[in-house]
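Since the structure of chain A is already known, use the hints to place chain B on it.
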Amino acid sequence: MKESAISIASATIAIFLTGWVIIAHDLSPDFKQSLASLTGNHWMSVSVIAIVLFILSLELLIGFKSARRFLRVYDISLWSTSLVAVTLIMVLGILAVLITQFLSH
Amino acid sequence: MVYVVITGAMLRGRIKRSSGNIFKLHKKYGIYFGAFILGSFIYGLWIRLQHGESILLSVHGRLGLVILLIVALQVIPGLTLKNRATYRGLHKIMGYALAPILIIDASWGLYNGVIAGTKNLVLLHSISGGLAALFLTWIILEIRYPTKRSLSRARVASYVTVFLVTAGCWIAGGYNYLTSYGFQVKPVILEGPYPWAHDIVMELKEHIFVFLPIIALALSVTLSTLDRDIFLDDTKSRRALTMIAYLALFIVLLMFLMGAVISNAGQTGTEALK
Chain A
0 MKESAISIAS ATIAIFLTGW VIIAHDLSPD FKQSLASLTG NHWMSVSVIA
50 IVLFILSLEL LIGFKSARRF LRVYDISLWS TSLVAVTLIM VLGILAVLIT
100 QFLSH
Chain B
0 MVYVVITGAM LRGRIKRSSG NIFKLHKKYG IYFGAFILGS FIYGLWIRLQ
50 HGESILLSVH GRLGLVILLI VALQVIPGLT LKNRATYRGL HKIMGYALAP
100 ILIIDASWGL YNGVIAGTKN LVLLHSISGG LAALFLTWII LEIRYPTKRS
150 LSRARVASYV TVFLVTAGCW IAGGYNYLTS YGFQVKPVIL EGPYPWAHDI
200 VMELKEHIFV FLPIIALALS VTLSTLDRDI FLDDTKSRRA LTMIAYLALF
250 IVLLMFLMGA VISNAGQTGT EALK
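Top to bottom, those sequences are chains A and B. No gaps in the numbering here: position 65 of the first sequence is 64 in numbering that gives the first Met the number 0, and each next residue is one more. No gaps in the numbering here: position 31 of the second sequence is 30 in numbering that gives the first Met the number 0, and each next residue is one more.
Pulled out of the complex, with its shape left as it was, chain B reads as follows:
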């Protein structure tokens, strides 16, 4: 998805072009991405049918169908239409809309899969993390392929990242820990077959998630105070900023992975104690 968005943005001139035939690459990545989405949807359909359930009963399934339709509308006209000029505007809008929908659906699916419940706060926490990862990727792309408007766009993306990381990940996650996890999930994990999921993974997660808002804030403040000419001309500064954005993205993805391990251990513990 990232490659499709990057090559699409290069074709539109939003970010600086790299060498090679970008259109061909965009088409190739689009086909791969479409095949992956189709495969995921068929797999999901197969799993639901095994349980005798309709795929459209769940929000995850409905969003999956929307994603599949958007992908089909993106790929098929792109391959069949000879004059794509009239279709270009809609193609661009749907392309940019696809990324957040996919993140929301993937977060939703992940937590439905591992928690098998409807914990709204955990879902909000998870979606915030997924969107923060998306915005950090956006910041990285703006820094790596700078144009005159890249700095202002990277600033806006960094403000949203700080908000998502602080409100969605830090506060919502912390509130869930205090009101739900400590009383409901933690005892189950400790009694279950994987107590290390709390003693090591959760303890590590609740400690290092303190670092994330500080890193995001430092990145945002630096982007806000950086001079546009330095941003455009000084490769050293841009490399330094990319490094910090990569660090923040790495921690967000690590949080995601640890969250999945903890949720899975909670579910396994619940089943073991039945």
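Excised from the complex, chain A in its bound form:
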């Protein structure tokens, strides 16, 4: 299969966007409250958002050849490296925000 990295690319996009949603909701209490009101708990809303983003990215990449070509989803090395890098950067970013908030209180 030439485009075997479709799901890896989708995971990378989903984690990148979810990471920003998490950072935004940690920085903005109003946004956190609006997320909590969606499902009853903010992390449940974030989980739902992550799943929806993953499925949407997957469908987008499966449905549009131009998107696959533009994002080079045939390159499994590129996307696995991106997934590792994006995940670690997001983990460190969230950690930095949480430490800053803890120290500022």
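Treat the hints as calculated values from the structure; they're not laboratory data. The C-beta atom is built at its ideal place from N, Cα and C for all residues, glycine as well. Treat each hint with caution, since some may be false.
Stated by the list, open to error - Covered stretches of chain A (in silico footprint by chain B; criterion: 3 or more residues with CB under 8 Å from a CB of chain B, positions within the stretch not fixed):
hint, segment
1, 43-57
2, 61-72
3, 75-85
4, 88-96
Using the frame of chain A, we list chain B on its own:
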């Protein structure tokens, strides 16, 4: 344990052999592993005796004894028997059975040690994480030492990993957070001497555990759709898949560590508030 299993699998031809005397290595790692298990069991026995309790009263102790017996049955005949051909089948079965038993016992011991309670849901959550780590290690080994049947085995291992990570880690952990942690443990940690254990460690854990099922699912989908010839011949693809499996394993182990820190802070908080 991982080295013993790898060298054992190499001897049986399940995974590709590396250079060197594999049998000698397997024997050496087996002795080290046996010594470690014996040491752990003696330590556990000593701790229980200090509290005036029998080691066989706890499930952790009973499982520890089973593990010690299996290890003895693995190592001693291997060193003493001259003709090991008749013993080989049983040796293989016990060797593969030892890994999951050890993971379950270690998870059980960890949570008994830090929680000192019987929270079944937390235990299920912890065991799922431990087993997911084991299955991810299996996937890594299949990818790193490929044979004709490696891809199908790695696929099966990835399906189990997705199930364990989603049902055991994500749903069970989330349910515990909503029904128990938020009302019972969180206030105790915040009032105790280590409030950072919730404000930083738990907050980080509840955020990044969202990433784990997505990574496991992406790995599983990729393995399912990958062509067998590409898997066997293309080193670049295999390296990419190994990298993702390592990432998932790293996050599982990070979750384990953070879970232990949070549980310990909860226990310290409870003692401090008494």
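key: Hints violated by the structure (numbers, ascending)   = Violated: hint 2 alone.
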